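Colleague: Order-wise, the sequence lines are chains L and U.
In case it helps, numbering that gives the first Met the number 0 puts the first sequence at residues 0 to 379.
In case it helps, numbering that gives the first Met the number 0 puts the second sequence at residues 0 to 175.
A portion of the hints provided could be inaccurate.
[Said to hold, decoys possible] With a Cα cut of at most 20 Å, we get these calculated SDA-like pairs of lysine to any residue:
{"no.": "1", "chain 1": "U", "residue 1": "171", "chain 2": "L", "residue 2": "135"}
{"no.": "2", "chain 1": "U", "residue 1": "171", "chain 2": "L", "residue 2": "4"}
{"no.": "3", "chain 1": "U", "residue 1": "171", "chain 2": "U", "residue 2": "137"}
{"no.": "4", "chain 1": "L", "residue 1": "349", "chain 2": "L", "residue 2": "6"}
{"no.": "5", "chain 1": "L", "residue 1": "151", "chain 2": "L", "residue 2": "130"}
{"no.": "6", "chain 1": "L", "residue 1": "151", "chain 2": "L", "residue 2": "189"}
{"no.": "7", "chain 1": "L", "residue 1": "84", "chain 2": "L", "residue 2": "130"}
{"no.": "8", "chain 1": "L", "residue 1": "84", "chain 2": "L", "residue 2": "345"}
{"no.": "9", "chain 1": "U", "residue 1": "171", "chain 2": "L", "residue 2": "7"}
{"no.": "10", "chain 1": "L", "residue 1": "349", "chain 2": "L", "residue 2": "81"}
{"no.": "11", "chain 1": "L", "residue 1": "151", "chain 2": "L", "residue 2": "103"}
{"no.": "12", "chain 1": "U", "residue 1": "171", "chain 2": "L", "residue 2": "2"}
{"no.": "13", "chain 1": "U", "residue 1": "171", "chain 2": "L", "residue 2": "12"}
{"no.": "14", "chain 1": "L", "residue 1": "151", "chain 2": "L", "residue 2": "170"}
{"no.": "15", "chain 1": "U", "residue 1": "171", "chain 2": "L", "residue 2": "232"}
{"no.": "16", "chain 1": "L", "residue 1": "151", "chain 2": "L", "residue 2": "187"}
{"no.": "17", "chain 1": "U", "residue 1": "171", "chain 2": "L", "residue 2": "8"}
{"no.": "18", "chain 1": "L", "residue 1": "349", "chain 2": "L", "residue 2": "316"}
{"no.": "19", "chain 1": "L", "residue 1": "151", "chain 2": "L", "residue 2": "176"}
{"no.": "20", "chain 1": "L", "residue 1": "84", "chain 2": "L", "residue 2": "270"}
{"no.": "21", "chain 1": "L", "residue 1": "84", "chain 2": "L", "residue 2": "103"}
{"no.": "22", "chain 1": "U", "residue 1": "171", "chain 2": "U", "residue 2": "138"}
{"no.": "23", "chain 1": "U", "residue 1": "171", "chain 2": "L", "residue 2": "3"}
{"no.": "24", "chain 1": "L", "residue 1": "84", "chain 2": "L", "residue 2": "240"}
[What the hints assert, rightly or not] Partial chain L-side listing against chain U, Cβ under 10 Å, derived:
{"no.": "25", "residue": "2"}
{"no.": "26", "residue": "21"}
{"no.": "27", "residue": "32"}
{"no.": "28", "residue": "86"}
{"no.": "29", "residue": "87"}
{"no.": "30", "residue": "219"}
{"no.": "31", "residue": "360"}
Since the hints were derived computationally from the structure, they do not count as laboratory data.
All of these numbers come straight from a predicted model, not from anything done at the bench.
The C-beta atom is built at its ideal place from N, Cα and C for all residues, glycine as well.
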Amino acid sequence: MNEERLRRTLLAEPAPDEQAAGERAWETVHAAFEAREPVVQPFRHTKPLIALAFVAALVAAALTPPGRALADDLRDAVVGVEQAKPELFSVRGGGRVIVESDAGAWVVSSDGSRRLLGPYREASWSPFARFVVAARANELVALEPDGTVRWKLARPNVRFPRWGGGATDTRIAYLSGGRLHVVAGDGTGDADAGGLPTAAPVAPAWRPGSRFVVAYAATDGRVYAYDTAGSLLWRSAPHPRPRLIAWSSDARRLALVTADKVVVLTGRTGRPLSTRPLRGVQGAVFAPGGHELALVRARDVLLLPEHGRPQRVFAGAGAFDGIAWSPDRRWLLVGWRDADQWVFVRVAGKRRIEAVSGVTELFDSASFPRIGGWCCASQQ
Amino acid sequence: MGVGRDERAWVRGARAGSVSDLEALFRLHWPRAYRAAYLVCRDAAAAEDIAQESFLAAVRALDRFDRRRPFGPWLHRIVVNRAIDWSRARALRSEVALHEGAASFDEALPTGNSHTVASALASLSAEHRAVIVLRHLLEYTPGEIAELLDLPRGTVNSRLRRGLDELGERIKEEVR
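So that you can see chain U by itself, here it is in the shape it has in the complex (with noise of 0.2 Å):
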């Protein structure tokens, strides 16, 4: 049986209120909607946040959900959305420093090859990592993208072409 029929099945067994089914989903989902928050978001704290609410809002709206439609787009645009939103909203706002709990994105970075790439991804704009972490990391194409973020497919193809080519600026910046 293939991921699309078990996750069928899964969100079938869900809806009819087994537990299990339920558990096999967020299994399947957590670590790429976390990380896609995570990345769009750059907080881990969150990006945590995010994806559980995003869970939540599907567990709220299981009995609606069209079980013929693959759960993770419905998700994932669930989570970029409110990573995009969030993004947007701190841009807005002045952040007060913390002692403790609220890790910054670049503290939190690994070294070495994906801390240059994640720095780079960092400094671009909430709407530019938007697509690129869903064309390269959930590896939706341009179109799904499109209907993902309710925009036209052309804003999505430049969005993506320039978020690509100022990545590759900010990496050759860093490893300069």
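Just chain L, with the same shape it has in the complex (with noise of 0.2 Å):
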């Protein structure tokens, strides 16, 4: 074959999907350019420039309200909310909270009573939230609310497990060592899903619905889909560094988050559907019913709405620490470490925010809680 040939060939070889790829890139492209922050660029004469916005700051700081905003904020940055109750009297909101200390694994009420399990670690609510599943080194363990062990199992190397299922038939998924567990909800039939890549140190995800579809990161940085009767549903193109993943509650869409970006992908086929550039997300979840994303990063709380810009919704110094939608969709829990609080922000309707401080001491604890799930106001 002569050159000019094979330049044809290969100009004239059609790449597969390649216009639906071209479109679903693009999307993927615009939203990532619309939600880049552009650079500064540098002045040459900068003292004066310094000195002049400085001055200008503090005039607008005493004279405008987005300058006394900014005046909370710097006076934020370094206290934390002002006016935070001294203690949780209630979860705005409602429902139940899982926390982790360093004492163990709580549950607060909606009235802010708060109850010890046990010292159990990485606890999450069953999909109704009558039971609670939580780790110990070596043992899986399921709990009744009120800290009653119903059952224990014994397996090397207990990690984020994770109860799914409906409210006839549950399983529950975790991670034993790099390999992807599956036991029923009643401690019967634990099974290694066999001949799955190995897992990352990523908590598994129950897909929403009567099925049993696991979602789990791998090490080779793709999610995987696994119908617990023995199928793999499909797996994802390679996202380095996953850290965590987290489905809508119709199962349309799952989030992963990499160390660098925010991927959402179908819940049918794992294709991506936009992906996110943003850097040291620590958390993630859709809000109930909907699509919308709520991220947290070391200083900030953004939504992420499926088109368009990200709304920061919170911002402070010092780093901030889990995030949890409330039962209700109006309130956002984000546990913001370096000022011991618990901040709660109001989504819905006018801007609210109310925070908890000395969040350590309430839970026995010497750093700072981990939040776990936050469930089902209706069980109450």
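Combine both chains into one complex, guided by the hints.
Modeller: Next up, the structure:
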């Protein structure tokens, strides 16, 4: 074959799905472009400008509502939310929250009462919050919310137990070392999901719905959707350094957070719908009943609509840690580690911030407690 | 106005925040970027991911991009290097069988002459595929390819020669 003929052949070679792939990619690139933060070009004579800007900021702070907001932000940057309550008198938005502290796993009720379940970690709710599943070093434990142990299962290096299913039949997925395991809700029939690639240290996530389909991230960077009947439904393209995955409640979207981006996949095939270049995302949860993602990074909290620009709903200095939606979708609970506060951000209607201080002491902990999940007001 | 001047204007516009200029750049470069990634890595889903990620990298670096230089080589450098990396990584790990969603290269091939060429190309190493794609699809000179892949020019020439020889042999075997 001569070179010209080779050139013509390569040009004529139809790349599969080229146009549709281009449309999907354009949506993602467009979204990333909308979300980017333009680089500020440096000025040659910066010192006078900085001084002028500082004076202008002071004047603005004194005179204008946005300026006062800026001043408030600066104040918050040092001390956390002012007028934070010293105690957790109630959970805004209702429902119950699972918390993990140095003392173990806790359940916080809507009236603010707290119950220590025991020395467990990585606790999470069963689908209707009737039970809690938690881990110990080499043990999987199913509990009632009052701390009564229903059953235990000894397995090496148990991590990230997650309970899925419906009202009558449930399963628990967890990692034992690098292997994905699935066990029935009554603790029977534990099995290694054989033949699948080694799991990354990321919590698996059950697809909402009647079939038992669990998604997990593997060390090859792909997400695998595995039907516990024994078949692999799909796998995603590789996305290195996965950190967490989360389903939307209608099972049509799956969010994958990596070290430097947030990828939203279709729940049906695992194809990417959008990729946002966002570094340092530590937590991501879909809004109940919707496709809006709440994200927490080290210094801010973002709402990411399916289309359009991300919206910053809270920001401050120091590190944030943990995020959860209220079951009624009106509030976000954000852990503000460096301020030792829980911050409730009302995202429906008029924006409102409420906070509780001294969180580590509330949960008898030396380190900042982790928010494990907020569930199910209807089950109260 | 030629494509080069258009492209410079679009880069300028995109840097200033124009979505329509970014889209013009994307529409101009997507087909070849995607096709190049596909021909090197031989997996449609991976090619889409690689081409998309390359555009995203370009968007992230847009503010640092030297406007006097053409956009295409800058993008193609990212695409082809990522496709080579992906192919190398795949060669090192075993793939699990899939029920759907990851049609293999061979399954996706069309019939006829281009099938033969694509099938033969698929049997070469990623490094050989990359230089052939850069030379004969994207039409870079060996000197430009050397710069894009950060290789000595002699290495590029030898890879081209060996790759084309091997390609010719494979095509003969296919049509026998």
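Colleague: Going back to the hint list, which numbers does this structure go against?
Modeller: Hints 1, 3, 4, 7, 15, 18, 20, 21, 22, 24, 28, 29 and 31 not satisfied by this model.
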